[in-house]
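K.L.:
In case you want the letters, here they are:
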Amino acid sequence: MVQLGRVLRAVPGRARVVIRLAMRGCTNRPMLLLVAAHNWRARDGPFLEQLGCCDPMPNSHGEKVVGINMERLRHWLGTGACVSRPAEKLLGLAGFFPLHPMTITGAERLRKARAAEAARASEASAGPKEDAEE
Amino acid sequence: MVGGLRRGLWGRRGLSQATGSEAEAEAGEREARNTPDVSKPRFTDEAVQSLLYKMTGLNLEKIFRPLKQKCKPATYKTMTDAQLEEATEKAIEEAKNKLKMPPVLSEREPINDVLAEDRLLEGTETVKYVFTDLTYSTPHRERFIVVREPSGVLRKASWEERDRMIQIFFPREGRKVIPPPMFKEKNLVQVLHQDRHEDILNLCISQFEPDSADYIRVHHQIYDDIDKTAKYDLLRSTRHFGGMVWYLVNKKTTDGLLMDMIQRDLLDDATSLISLYHMVHPECQSAKEAKEQELHGVDLIKVFIKTESQKEGYIELALQAYQETLTNSEAS
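In order, the protein sequence lines correspond to chains A and B. Sequential numbering from 3 applies to the first sequence in the numbering used here. Sequential numbering from 67 applies to the second sequence in the numbering used here.
In short, the hints are calculated from the structure, not lab data. Do not rely on the hints blindly, as some may be mistaken.
As the list claims (entries may be wrong) - Listed below are the simulated BS3-like cross-link pairs for lysine-lysine, each with C-alpha atoms no more than 30 Å apart in a straight line: (1) B:K242 with A:K66; (2) A:K91 with B:K250; (3) A:K91 with B:K194; (4) B:K128 with B:K162; (5) A:K66 with B:K128.
Unchecked claim - Per label pair, the in silico range of CB-to-CB distance: (6) B:Y202 with A:T81: 44 to 54 Å; (7) A:E132 with B:K222: 44 to 54 Å; (8) A:A17 with B:D265: 55 to 65 Å; (9) B:F235 with A:A115: 29 to 39 Å; (10) A:R31 with B:V243: 46 to 56 Å; (11) A:G97 with B:T295: 46 to 56 Å; (12) A:P32 with B:G189: 53 to 63 Å; (13) A:C28 with B:D265: 38 to 48 Å.
Note that the structure is a prediction, hence the values are computed from the model and not measured. Yeah, the Cβ is synthetic: ideal placement off N, Cα and C, and Gly gets one too.
Put together the whole structure using the sequences plus the hints.
P.N.:
Here it is as structure tokens:
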């Protein structure tokens, strides 16, 4: 049974600490922060603690740089924080959590869509050739 | 001594206990492989270090030459003779600190560890993700840095990726995220033409980790250039001299250095160089002869020249010239 900390008794019932991604940066240059914040705060508003950052734009070596403070993350998870879906997916990719089911489902859907498109493309190219032969 | 050296260079989050115990295990292994009497001397042995330190010399003028610093008005002090002596002693202590030799390690093994193979993720991403653990208290060598490739494979990051990520999140002064193109082979030649060996060695030490391939390559290239052009004096009284001597001794190309020492009338340094050579290569002929006949000084050098060196003639001439000048100065 998870014990809700003293800070959460201030806003009873719906209050939660959530680990989620907050968007920072400026026009045409996003930056994501992995943040432990209250549920009812604005996405980019005041948070309890920053746990890391994620750069969604690839750098000159073709990599997306992500930094996560594991020790503090474990602390917040230990005190009963929830994790938002994008943050769960990111941590799944990192190997800290198991892979999120939607990541796997998304990959399968993408593969099916690509296969269907390839099939349609080959049919379309086969169709006009048959007409041409006839 | 070694622990202090490492902590001083890399801060408190430097080499971890894991690598320390690794080094001990390696040394133990090595000793087990060799016979109990003979173990290969390493760079960090007391005897080796003392010989290298003696050869480095202590030219206070060169060590404390004016560095490029912020402009400050000069301070003048009036001192008695005793106070001046004290100040010189303090200066010598500081000079010894400045002459602490940077570590000489063997190249690090590449990391090829795969943590997970999730091939079903193939095709979802076009770029790789590099995840770094930002826990403040872990030593950098133990930090978890993993890479999720676009093929879905989760692997540990290579040494270059590790160095880059650690520099991004925990920047160190004097180090750049991407190493400057100055350290490439053809660009180094330009720098060495300007006789700036010491400067680029200092930059190399601050930029690269001591066991990285780049560090070792740059150092070897600089030492080879010095050996080729006989510019040994550039590194004398600096902390790089010991490393250079160690490299040349291991490579068995000590002729140029020996000749330079004789020409500058540094006979003691020449004898310590030869004794270091015998320590590192005890199976060579001159070492056996020296041990049998217990040679010292000029005789030791003569035996060494006959058996080990390639440029026998030159060094013998130089030695003769030195002895002549010695007898002349004694006569006059």
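K.L.:
Hints first: check each against the structure and report whether it holds.
P.N.:
Verification of the supplied hints:
Of the pairs offered as hints, the one joining B:K242 and A:K66 holds, with about 19 Å between alpha carbons and a cut-off of 30 Å not exceeded. Proposed proximity of A:K91 and B:K250 is contradicted: the alpha carbons are some 40 Å apart, above 30 Å. At most 30 Å may separate the alpha-carbon atoms for a hinted pair to count; A:K91 and B:K194 meet this at roughly 15 Å. The suggested pairing of B:K128 with B:K162 holds, with an alpha-carbon distance near 13 Å, which does not exceed 30 Å.
At roughly 47 Å between alpha-carbon atoms, A:K66 and B:K128 are farther apart than 30 Å, so this suggested pair is violated. Look at B:Y202 against A:T81: about 19 Å separates their beta carbons, and that is not inside 44 to 54 Å. In this structure, A:E132 and B:K222 meet the distance hint of 44 to 54 Å, their C-beta atoms being roughly 53 Å apart. Between A:A17 and B:D265 the C-beta distance comes to about 59 Å, which sits within the given range of 55 to 65 Å.
Separated by about 37 Å at the C-beta atoms, B:F235 and A:A115 satisfy the suggested range of 29 to 39 Å. For the pair A:R31 and B:V243, the beta carbons lie near 18 Å from each other, so the given range of 46 to 56 Å is not met. Roughly 51 Å separates the CB atoms of A:G97 and B:T295, a value that falls within the hinted 46 to 56 Å. Evaluation of the 53 to 63 Å hint for A:P32 and B:G189 yields a failure: the beta carbon distance comes to about 24 Å.
For A:C28 and B:D265, the Cβ-Cβ distance of about 39 Å falls inside the hinted range of 38 to 48 Å, so the restraint holds.
This entry does not satisfy hints 2, 5, 6, 10, 12, going by the numbered hints stated previously.
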